[in-house]
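Undergrad: One letter stands for each residue in the lines below.
Protein chains: 2
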Amino acid sequence: MAKLITSRAEDYSRWYTDVVLQAQLADYSPVRGCMVIRPLGMALWENMQKALDGMFKATGHQNAYFPLLIPESFLHKEKQHVEGFAPQCAVVTHGGGVKLEEPLVVRPTSETIIYSMYAKWIQSYRDLPVLINQWANVVRWEMRTRLFLRTMEFLWQEGHTAHATEAEAEQEAIQMMGVYDTFARDYMALPCLKGIKSDAERFAGAVRTYCIEALMQDNKALQAGTSHNLGQNFAKAFEVRYQTEAGEMEYVWNTSWGVSTRLIGALVMAHGDDQGLVLPPRLAPTQVVVVPIFKESEREQVVAAAARIVQDLSPAVRIQADTRDGVRPGYKFNEWEMKGVPLRLEVGPRDIQSGQATVARRTGGAKTPVALSSLATAVPLMLEEIQKELYGAASKRLSGNTRPVDSYDDFKSLVEEKGGFLLAHWCLGAACEAQVKEETKATIRCIPLDGAAEAGACLVCGGSSTRRVYFARAY
Amino acid sequence: MAKLITSRAEDYSRWYTDVVLQAQLADYSPVRGCMVIRPLGMALWENMQKALDGMFKATGHQNAYFPLLIPESFLHKEKQHVEGFAPQCAVVTHGGGVKLEEPLVVRPTSETIIYSMYAKWIQSYRDLPVLINQWANVVRWEMRTRLFLRTMEFLWQEGHTAHATEAEAEQEAIQMMGVYDTFARDYMALPCLKGIKSDAERFAGAVRTYCIEALMQDNKALQAGTSHNLGQNFAKAFEVRYQTEAGEMEYVWNTSWGVSTRLIGALVMAHGDDQGLVLPPRLAPTQVVVVPIFKESEREQVVAAAARIVQDLSPAVRIQADTRDGVRPGYKFNEWEMKGVPLRLEVGPRDIQSGQATVARRTGGAKTPVALSSLATAVPLMLEEIQKELYGAASKRLSGNTRPVDSYDDFKSLVEEKGGFLLAHWCLGAACEAQVKEETKATIRCIPLDGAAEAGACLVCGGSSTRRVYFARAY
Numbered sequence: 008m009a010k011l012i013t014s015r016a017e018d019y020s021r022w023y024t025d026v027v028l029q030a031q032l033a034d035y036s037p038v039r040g041c042m043v044i045r046p047l048g049m050a051l052w053e054n055m056q057k058a059l060d061g062m063f064k065a066t067g068h069q070n071a072y073f074p075l076l077i078p079e080s081f082l083h084k085e086k087q088h089v090e091g092f093a094p095q096c097a098v099v100t101h102g103g104g105v106k107l108e109e110p111l112v113v114r115p116t117s118e119t120i121i122y123s124m125y126a127k128w129i130q131s132y133r134d135l136p137v138l139i140n141q142w143a144n145v146v147r148w149e150m151r152t153r154l155f156l157r158t159m160e161f162l163w164q165e166g167h168t169a170h171a172t173e174a175e176a177e178q179e180a181i182q183m184m185g186v187y188d189t190f191a192r193d194y195m196a197l198p199c200l201k202g203i204k205s206d207a208e209r210f211a212g213a214v215r216t217y218c219i220e221a222l223m224q225d226n227k228a229l230q231a232g233t234s235h236n237l238g239q240n241f242a243k244a245f246e247v248r249y250q251t252e253a254g255e256m257e258y259v260w261n262t263s264w265g266v267s268t269r270l271i272g273a274l275v276m277a278h279g280d281d282q283g284l285v286l287p288p289r290l291a292p293t294q295v296v297v298v299p300i301f302k303e304s305e306r307e308q309v310v311a312a313a314a315r316i317v318q319d320l321s322p323a324v325r326i327q328a329d330t331r332d333g334v335r336p337g338y339k340f341n342e343w344e345m346k347g348v349p350l351r352l353e354v355g356p357r358d359i360q361s362g363q364a365t366v367a368r369r370t371g372g373a374k375t376p377v378a379l380s381s382l383a384t385a386v387p388l389m390l391e392e393i394q395k396e397l398y399g400a401a402s403k404r405l406s407g408n409t410r411p412v413d414s415y416d417d418f419k420s421l422v423e424e425k426g427g428f429l430l431a432h433w434c435l436g437a438a439c440e441a442q443v444k445e446e447t448k449a450t451i452r453c454i455p456l457d458g459a460a461e462a463g464a465c466l467v468c469g470g471s472s473t474r475r476v477y478f479a480r481a482y
Numbered sequence: 008m009a010k011l012i013t014s015r016a017e018d019y020s021r022w023y024t025d026v027v028l029q030a031q032l033a034d035y036s037p038v039r040g041c042m043v044i045r046p047l048g049m050a051l052w053e054n055m056q057k058a059l060d061g062m063f064k065a066t067g068h069q070n071a072y073f074p075l076l077i078p079e080s081f082l083h084k085e086k087q088h089v090e091g092f093a094p095q096c097a098v099v100t101h102g103g104g105v106k107l108e109e110p111l112v113v114r115p116t117s118e119t120i121i122y123s124m125y126a127k128w129i130q131s132y133r134d135l136p137v138l139i140n141q142w143a144n145v146v147r148w149e150m151r152t153r154l155f156l157r158t159m160e161f162l163w164q165e166g167h168t169a170h171a172t173e174a175e176a177e178q179e180a181i182q183m184m185g186v187y188d189t190f191a192r193d194y195m196a197l198p199c200l201k202g203i204k205s206d207a208e209r210f211a212g213a214v215r216t217y218c219i220e221a222l223m224q225d226n227k228a229l230q231a232g233t234s235h236n237l238g239q240n241f242a243k244a245f246e247v248r249y250q251t252e253a254g255e256m257e258y259v260w261n262t263s264w265g266v267s268t269r270l271i272g273a274l275v276m277a278h279g280d281d282q283g284l285v286l287p288p289r290l291a292p293t294q295v296v297v298v299p300i301f302k303e304s305e306r307e308q309v310v311a312a313a314a315r316i317v318q319d320l321s322p323a324v325r326i327q328a329d330t331r332d333g334v335r336p337g338y339k340f341n342e343w344e345m346k347g348v349p350l351r352l353e354v355g356p357r358d359i360q361s362g363q364a365t366v367a368r369r370t371g372g373a374k375t376p377v378a379l380s381s382l383a384t385a386v387p388l389m390l391e392e393i394q395k396e397l398y399g400a401a402s403k404r405l406s407g408n409t410r411p412v413d414s415y416d417d418f419k420s421l422v423e424e425k426g427g428f429l430l431a432h433w434c435l436g437a438a439c440e441a442q443v444k445e446e447t448k449a450t451i452r453c454i455p456l457d458g459a460a461e462a463g464a465c466l467v468c469g470g471s472s473t474r475r476v477y478f479a480r481a482y
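Chains as they are written, first to last, in this note's numbering: chain B, 8 to 482; chain Z, 8 to 482.
The set of hints was computed from the structure by calculation and includes no laboratory data.
Just so you know, not all the hints are guaranteed correct.
Remember, identical chains collapse to one label, so a pair may be satisfied in a single copy or spanning two.
Below, simulated DMTMM-like cross-link-like pairs (lysine to aspartate or glutamate); rule was C-alpha separation at most 20 angstroms, straight line [claimed, not checked]:
id, residue 1, residue 2
1, Lys64, Glu53
2, Lys127, Asp34
3, Lys57, Asp225
4, Lys339, Asp358
5, Lys127, Asp25
6, Lys64, Asp329
7, Lys106, Glu79
8, Lys64, Asp25
My request is simple: use the sequences and hints to build the entire structure.
TA: Structure, rendered in structure tokens:
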């Protein structure tokens, strides 16, 4: 079965697609650029949703749902926004058999429709802040698509908040970047860089875009989440005003922030290996699989023992037994490895006799026997250990592949030969940024928030710089 | 605040809209026929989803996600299906700035795209059954829309299963009608009639449509969920075949089943009163609200007592304290009543002194004092009691408004004067069914599954009938 997957060394890009398809996370659909999320991929997304939703609610947000179809004229109300999104829209021109007076776009993002409602709901400072999140599908007409990483339709959440002051909106935008970073670290076992996007990479319509950036195993960067301070741009476009306590009318200050099913792609590329998926235990739909091993005459006894283990460990552990007939244990091992299940318990007649099970980790190492009586305490600890190991390995990769660089020549060869993040000085000029992108395909991933001030000279023009920024080739 | 709501007696239809808007379940959007689901409506839907999703998983189903946009030609592959749905479609003709070679319809339902994938995934009897559910948004171009009950876009779930045998598919379709009925009864406190749709009311493309039908307070029926045995109609249209154990190629047997955000409308209309929403405790986002009552000097002490109650009862009970300043208790009482919160606990200084809180039920009756020390046991019991009372009242309404009738004249006057369900004989002829609909606006809601055989004469033509069927005017 492992042969269905190209090795990473041979072709990283094919390896990724093979893993997604063979592990049955997703499949191509007959609709150009759209994928089908299969049950394993969906269960993973649901686990991500559940964790994120809890974090959103803990920070005071509520869920709501806004229309999928948006009048085309709404997009035009914010100048930068329409420039960014109009070329990516799917447009509904006919409905119920007749041509529409005004075309409707399938939402590429929901700022416009949401802020048109906020204009109706927000009257007074007493109505603020409004802290709303939406779980939804969006469509962006992409030319080159890749499963999870860039698809025409994807699932995501989009938070949209309105505040009385600029400072509060700024604090919210930074807070949500922090929520994403915590989620990536604690659930995805994925260390991220935090920072601000350059003007060129900013969300269309935002004043400032905060982001988290992760490193994949091929040393390319992946933007994992963004959080935008929208200032009063949309408030002015949609007349979202409130009466202050002093009785004056003011525009509100907005933020928006989102992560998408792209995170599943990040998870695959951050932890997977040549055998397939490797899932962090906190998100794995199945954390433990029990594989009974027996001759036909021993079937009843061994299957019963496997069932007892499942019963003992549920629901604290997400566990299932693979009791399929007509499938050899070795085949089952490979299949569950490919699907990324963190732990496998093997039970055979001899194990039962000695009151134990044999434990194998997805991440390798010697198989070890564990007494049946201590499984309920040992397994959760092992799962936490694996979670930490994955984070540790990814952190090591991140720090080992983040390099300061001072000359443009060194930069060019490092981008080409090593990849990873390059910490370089930049003059904040759009021309230098564009030249680097043009010549090396590397972009500014983010300007670190907490980067210590350091005087230096721009990589390209030699102009003065006060801090280094992160460059990388990215997905 | 209660004056914002028209009374049911004055205008039931306006009452419904007033409740939905004033309780902030939903709002009109600037997009024709599309609504915004506000946080209270969304929290209600999430509670419904959670309960249903658990029931689907307990019956072996998994979630997946299929594309929103479907090639127009797919709809045409099943003759009845396209006749039913093509006139209702929103059509995407342009994407990424160019005209598409083939238009894409925004899914009105997903049989076609899903069964095209099943054709790829299903090869052998070992791949069956496939038991998949999808939570999604769908769009149907409706001329007359009403909040929750009939909107152009709505949220729903759609189950799609494939089986090796006709009997298994039939069993699945009946099972899922049963799941819906159990959910309506146990969570929504809504008794339903179960049965089969007549040919005229059947889902476009189905062999048999099972349904649950509920009665609203204005004595109109509302279809609350449907479950379709699709036979091999879609399997043949999409070439979904499998190799049997004996090595022969056979078409699979499919079912599909769904419920939608329409259920929120049903909930409002089944239990609401002239003060607003009445929510069954098992689904209420907030089950208990604590309202502290104090003079300014007593503030600290009373608010602290309210906070202690919230802490003591969480998370077993979904409870919150309303500690807003500048809002009188009476105003708070009205607001939480309008929002349907099942129980209110009032705490003032005198309550604290006597170690109690005063409990008021949303459904009425005298306020009663309950010792603070016994709240944690008393409140969950009260909530269960209210849940039962709501079901009891709705059951009484259903049985009191279900009447056997034998002559068409009596039928006509009963439909006009009383409404409710009318149990009448019918010859199974489409002409008689159409005549009743034309002349009385009543339709056959369902043919009961377990209706005792009873010889009789068709209401309209006098032709022979073997059982009574349920007629009603419906939403």
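Undergrad: Now look at each hint and say whether the structure bears it out.
TA: A quick look at each hint next to the structure:
{"no.": "1", "hint": "Lys64 with Glu53", "in the structure": "both (16 angstroms within a copy, 13 angstroms between copies)"}
{"no.": "2", "hint": "Lys127 with Asp34", "in the structure": "between (42 angstroms within a copy, 10 angstroms between copies)"}
{"no.": "3", "hint": "Lys57 with Asp225", "in the structure": "neither (29 angstroms within a copy, 39 angstroms between copies)"}
{"no.": "4", "hint": "Lys339 with Asp358", "in the structure": "within (18 angstroms within a copy, 64 angstroms between copies)"}
{"no.": "5", "hint": "Lys127 with Asp25", "in the structure": "between (49 angstroms within a copy, 17 angstroms between copies)"}
{"no.": "6", "hint": "Lys64 with Asp329", "in the structure": "between (36 angstroms within a copy, 18 angstroms between copies)"}
{"no.": "7", "hint": "Lys106 with Glu79", "in the structure": "both (14 angstroms within a copy, 16 angstroms between copies)"}
{"no.": "8", "hint": "Lys64 with Asp25", "in the structure": "neither (36 angstroms within a copy, 28 angstroms between copies)"}
Hints 3 and 8, counting from the list given before, are not met by this structure.
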